[in-house]
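> So you can see what is in the structure, the chains are spelled out below.
2 protein chains.
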Amino acid sequence: MKIPSLSIPRISLYYRELLSLKDTSVISSQELARLTECSAAQIRKDLAYFGQFGTPGRGYSVKFLKEELRRILGIDKNWDVALIGVGDLGSALLAYKGFKSQGFKIKYAFDNDKKKIEKVKEGIKIKDIGELKKAVKSNKISMAIVAVPQPAAQEVIDKLVSSGIKAILNFAPIRPKVSKGVEILNIDLSMELERLTYFLNKDTNQ
Amino acid sequence: MKIPSLSIPRISLYYRELLSLKDTSVISSQELARLTECSAAQIRKDLAYFGQFGTPGRGYSVKFLKEELRRILGIDKNWDVALIGVGDLGSALLAYKGFKSQGFKIKYAFDNDKKKIEKVKEGIKIKDIGELKKAVKSNKISMAIVAVPQPAAQEVIDKLVSSGIKAILNFAPIRPKVSKGVEILNIDLSMELERLTYFLNKDTNQ
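Going down the list, the protein sequences come from chains A and G. Read in order, the letters of the first sequence are residues 1 to 206 in the working numbering. Read in order, the letters of the second sequence are residues 1 to 206 in the working numbering.
There may be inaccurate statements among the hints.
[To be verified] Quick list of in silico lysine-lysine cross-link-like pairs, BS3-like style, CA-CA up to 27 Å:
hint	chain 1	residue 1	chain 2	residue 2
1	G	Lys22	A	Lys66
2	A	Lys121	A	Lys159
3	A	Lys100	G	Lys180
4	A	Lys121	G	Lys121
5	A	Lys180	A	Lys140
6	A	Lys140	A	Lys114
7	G	Lys97	A	Lys121
8	G	Lys127	A	Lys119
9	A	Lys166	A	Lys125
10	A	Lys114	A	Lys125
11	G	Lys177	A	Lys22
12	A	Lys97	G	Lys97
13	A	Lys159	G	Lys202
14	A	Lys134	A	Lys77
15	A	Lys177	A	Lys140
16	G	Lys22	G	Lys121
17	G	Lys202	A	Lys115
18	G	Lys177	A	Lys66
19	A	Lys77	A	Lys202
20	A	Lys119	G	Lys121
21	A	Lys127	G	Lys97
22	G	Lys45	A	Lys202
23	G	Lys22	A	Lys137
24	G	Lys140	G	Lys97
25	G	Lys77	G	Lys66
26	A	Lys105	G	Lys121
27	A	Lys97	G	Lys114
28	G	Lys115	A	Lys97
29	A	Lys121	A	Lys105
30	G	Lys180	G	Lys202
31	G	Lys22	G	Lys97
[To be verified] Example chain A residues on the side facing chain G (calculated, C-beta under 7 Å, incomplete):
hint	residue
32	Val161
33	Val182
34	Leu185
35	Glu194
No lab work stands behind these hints, which were simulated from the structure alone. What you are looking at is a predicted structure, and each value in this text was computed from that prediction instead of being measured. Idealized CB from N, CA, C, for every residue including glycine.
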């Protein structure tokens with residue numbers, strides 16, 4: 001069964017609204033619809049891809065549905081992450097503690113700068129990028145975060161894919177090419193920021 | 001003239017490709033189309049909103065077009081930024097040096113935690129959120145970055161808007177409501193990450 005890719009961010013949204021509910025033990029799809037601004041039919045359809053979680057005419061147990069959505073989203077597990085590129089952004093990501101609550105743990109960090117290799121940052125010893133393939137193969141690394149400069153990004157991503165990495169969070173401002181079966185998420189901070197500066201600057205453009 | 005909102009990320013994209021060109025002084029819309037995977041007609045249309053930058057039949061001067069796109073995107077200026085919320089994410093953003101190359105400078109930081117107020121982080125003294133309005137009004141603050149927990153986010157955003165802030169980069173996982181004339185950009189890291197964990201976990205769901 002093919003699950004529409006837009007169902008997943010909606011499931012994240014349902015989960016988030018359930019998290020913020022206090023003193024509610026059962027919720028109907030109509031109530032959840034009101035909270036999330038999705039339709040009740042859409043909610044029932046999204047959930048039905050994964051199983052039968054509610055009682056018709058009664059609704060969903062909030063506690064049970066929360067657990068099931070955590071399981072579906074894979075955030076009930078821990079995922080070991082490798083960080084590639086320990087520059088300004090990479091260092092900020094290494095120091096960022098918010099990944100933990102999502103079950104992500106940056107356990108390995110790689111760079112190609114000899115001045116950085118073997119240095120310890122945030123308790124992690126930075127390794128030579130040349131050791132990437134070996135490290136991915138011999139450890140249980142699920143995911144990689146790419147925080148290298150633009151010119152190096154596609155080569156690093158190719159290396160990750162050929163090492164067997166299946167999920168990549170890419171901060172380099174490129175539109176990378178990956179083979180099927182690899183999920184890549186691109187967050188282009190500079191492009192996002194340029195939308196804001198464009199807006200701030202707009203009146204001078206016309 | 002109404003400029004389509006999708007033109008702006010494309011202009012960012014054209015700019016980025018021009019930046020990576022070496023030893024090219026003139027480029028045709030066809031060549032730029034090949035590099036960016038947009039159509040040449042689209043490129044000409046996007047640029048025409050802002051002026052006449054090329055010579056028909058000859059192309060665009062790379063140097064001139066780069067300068068013009070920087071000006072259009074507003075990244076030729078400096079923008080003073082206020083950070084709201086100095087928790088895990090806020091601290092990482094405060095330490096992140098990459099904003100500078102976009103012309104952003106975090107000059108003010110606010111929190112409501114008495115233990116943080118008056119402390120100095122990355123050279124910036126953290127102020128009481130109660131002083132936000134006064135600070136925005138008496139300084140030239142263009143933009144705010146919101147890195148507060150979800151329950152506080154809408155209230156903080158309302159406060160920013162009523163203080164006269166016109167552009168907001170919001171990292172809190174909410175879909176905030178803002179009045180017209182304010183540009184808000186939402187980056188929901190946890191929702192993005194859940195798409196990756198969902199993917200990594202997918203085989204166990206079915």
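> Take the hints in turn and mark each one as holding or not.
Checked hints:
1. Using a Cα cut-off of 27 Å, the hinted pair Lys22 (chain G) and Lys66 (chain A) is violated, with the two alpha carbons roughly 53 Å apart.
2. The hinted pair formed by Lys121 (chain A) and Lys159 (chain A) meets the criterion: a straight-line CA distance of about 23 Å does not exceed 27 Å.
3. The straight-line distance between the Cα atoms of Lys100 (chain A) and Lys180 (chain G) is roughly 36 Å, outside the 27 Å bound, and the hint therefore fails.
4. Note on Lys121 (chain A) and Lys121 (chain G): the hinted pairing holds, with a Cα-Cα distance of about 19 Å set against a maximum of 27 Å.
5. The suggested pairing of Lys180 (chain A) with Lys140 (chain A) holds, with an alpha-carbon distance near 21 Å, which does not exceed 27 Å.
6. Between the alpha carbons of Lys140 (chain A) and Lys114 (chain A) the distance comes to roughly 26 Å, so the proposed pair stays at or under 27 Å and holds.
7. For the given pair, Lys97 (chain G) sits about 17 Å from Lys121 (chain A) by alpha-carbon distance, which is consistent with the 27 Å threshold.
8. About 34 Å separates the Cα atoms of Lys127 (chain G) and Lys119 (chain A), which puts this hinted pair outside 27 Å; it is violated.
9. Restraint check for Lys166 (chain A) and Lys125 (chain A): satisfied, since their Cα atoms lie roughly 23 Å apart, inside the 27 Å limit.
10. Restraint check: the Cα-Cα separation between Lys114 (chain A) and Lys125 (chain A) comes to about 13 Å, which is no more than 27 Å; the hinted pair holds.
11. Proposed proximity of Lys177 (chain G) and Lys22 (chain A) is supported: the alpha carbons are some 23 Å apart, at most 27 Å.
12. Taking the CA atoms of Lys97 (chain A) and Lys97 (chain G), the gap is about 18 Å. The hint holds against a cut of 27 Å.
13. Using a Cα cut-off of 27 Å, the hinted pair Lys159 (chain A) and Lys202 (chain G) holds, with the two alpha carbons roughly 23 Å apart.
14. Pair hint Lys134 (chain A) plus Lys77 (chain A) holds up; C-alpha atoms about 24 Å apart against a cutoff of 27 Å.
15. A threshold of 27 Å between alpha carbons decides the hint, and for Lys177 (chain A) with Lys140 (chain A) the separation of about 24 Å falls inside it, so the pair holds.
16. The straight-line distance between the Cα atoms of Lys22 (chain G) and Lys121 (chain G) is roughly 39 Å, outside the 27 Å bound, and the hint therefore fails.
17. Restraint check: the Cα-Cα separation between Lys202 (chain G) and Lys115 (chain A) comes to about 39 Å, which exceeds 27 Å; the hinted pair is violated.
18. With a C-alpha separation of about 26 Å, the suggested pairing of Lys177 (chain G) with Lys66 (chain A) holds against the 27 Å cut-off.
19. The hinted pair formed by Lys77 (chain A) and Lys202 (chain A) fails the criterion: a straight-line CA distance of about 45 Å is larger than 27 Å.
20. For the proposed pair Lys119 (chain A) and Lys121 (chain G), the alpha carbon gap of about 24 Å is at most 27 Å, so the pair holds.
21. At most 27 Å may separate the alpha-carbon atoms for a hinted pair to count; Lys127 (chain A) and Lys97 (chain G) meet this at roughly 22 Å.
22. A C-alpha spacing of about 18 Å is found between Lys45 (chain G) and Lys202 (chain A), which places the hinted pair at or below 27 Å, so the restraint holds.
23. For the given pair, Lys22 (chain G) sits about 37 Å from Lys137 (chain A) by alpha-carbon distance, which is inconsistent with the 27 Å threshold.
24. Of the supplied pair hints, the one linking Lys140 (chain G) and Lys97 (chain G) holds, its CA atoms being roughly 21 Å apart against a limit of 27 Å.
25. For the proposed pair Lys77 (chain G) and Lys66 (chain G), the alpha carbon gap of about 14 Å is at most 27 Å, so the pair holds.
26. The straight-line distance between the Cα atoms of Lys105 (chain A) and Lys121 (chain G) is roughly 25 Å, inside the 27 Å bound, and the hint therefore holds.
27. Note on Lys97 (chain A) and Lys114 (chain G): the hinted pairing holds, with a Cα-Cα distance of about 21 Å set against a maximum of 27 Å.
28. Taking the CA atoms of Lys115 (chain G) and Lys97 (chain A), the gap is near 19 Å; set against the 27 Å cutoff, the hint holds.
29. About 14 Å separates the Cα atoms of Lys121 (chain A) and Lys105 (chain A), which keeps this hinted pair within 27 Å; it holds.
30. Of the pairs offered as hints, the one joining Lys180 (chain G) and Lys202 (chain G) is violated, with about 40 Å between alpha carbons and a cut-off of 27 Å exceeded.
31. Between Lys22 (chain G) and Lys97 (chain G) the CA atoms are separated by roughly 26 Å; this keeps the pair inside 27 Å, and the hint holds.
32. Residue-level restraint check for Val161 (chain A) is violated (minimum Cβ-Cβ distance to chain G is 14 Å; threshold 7 Å).
33. Using the Cβ-Cβ criterion of 7 Å, the hint placing Val182 (chain A) at the interface with chain G is not satisfied: the shortest such distance is roughly 9 Å.
34. Annotation: Leu185 (chain A) was flagged as interfacial toward chain G, and the flag holds, the nearest CB pair being 5 Å apart, inside 7 Å.
35. Contact between Glu194 (chain A) and chain G, as hinted, is supported at the beta carbon level, the nearest pair being about 5 Å apart and thus within 7 Å.
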